[in-house]
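Engineer: Sequence:
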Amino acid sequence: MIGISDSLMIIGVVAICSFLTRALPFMIFKNTAVLPKKIVYLGNVLPMAIMFCLIVYCIRDTSFLTYPYGLHQVLGILCVVVLHLWKRNNMISIIGGTIFYMFLVQVIFV
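In terms of numbering that gives the first Met the number 0, the sequence shown is residues 0 to 109.
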């Protein structure tokens with residue numbers, strides 16, 4: 000069992016490391032007008048690649064051969080896509096898709 004002071008030191012180190020990993024790119028690339036081409040490319044490509052990885056991760060254990068045939072996952076993904084194409088807002092897409100998916104899982108596909 001660790002004490003309060005040890006717990007606070009661990010929390011402090013984790014907080015500092017989290018802050019630095021988020022702030023470091025802004026410190027390194029202060030002038031956004033002269034960003035390297037590779038960084039601009041990664042900024043354009045990585046968000047979609049990460050979303051694709053998350054989709055694959057979410058449906059990796061889905062059985063498309065037994066009831067409900069992955070229908071609630073597919074409908075949830077379609078809801079997120081439609082909301083995002085309609086509103087172009089990440090938070091609305093994520094929250095709306097999550098609410099719709101949970102509704103399907105808890106009420107429709109019990």
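Careful: at least some of the hints might be erroneous.
Ranges between beta-carbon positions, derived for each pair [said to hold, decoys possible]: (1) Tyr40 to Met0: 46 to 56 Å; (2) Ala32 to Met0: 22 to 32 Å; (3) Phe102 to Ile3: 17 to 27 Å; (4) Asp5 to Ala32: 39 to 49 Å; (5) Tyr40 to Val106: 39 to 49 Å; (6) Cys57 to Ile91: 16 to 26 Å.
These are computed hints drawn from the structure, not numbers from a lab.
Ideal Cβ positions, reconstructed from N, Cα and C, are used throughout, including at glycine.
Engineer: Determine for every hint whether it applies to the structure shown.
Structural biologist: Hints, one by one, checked against the model:
no.	hint	in the structure
1	Tyr40 to Met0: 46 to 56 Å	49 Å, holds
2	Ala32 to Met0: 22 to 32 Å	53 Å, violated
3	Phe102 to Ile3: 17 to 27 Å	43 Å, violated
4	Asp5 to Ala32: 39 to 49 Å	46 Å, holds
5	Tyr40 to Val106: 39 to 49 Å	43 Å, holds
6	Cys57 to Ile91: 16 to 26 Å	19 Å, holds
Of the hints listed earlier, those the structure fails to meet are numbers 2, 3, in rising order.
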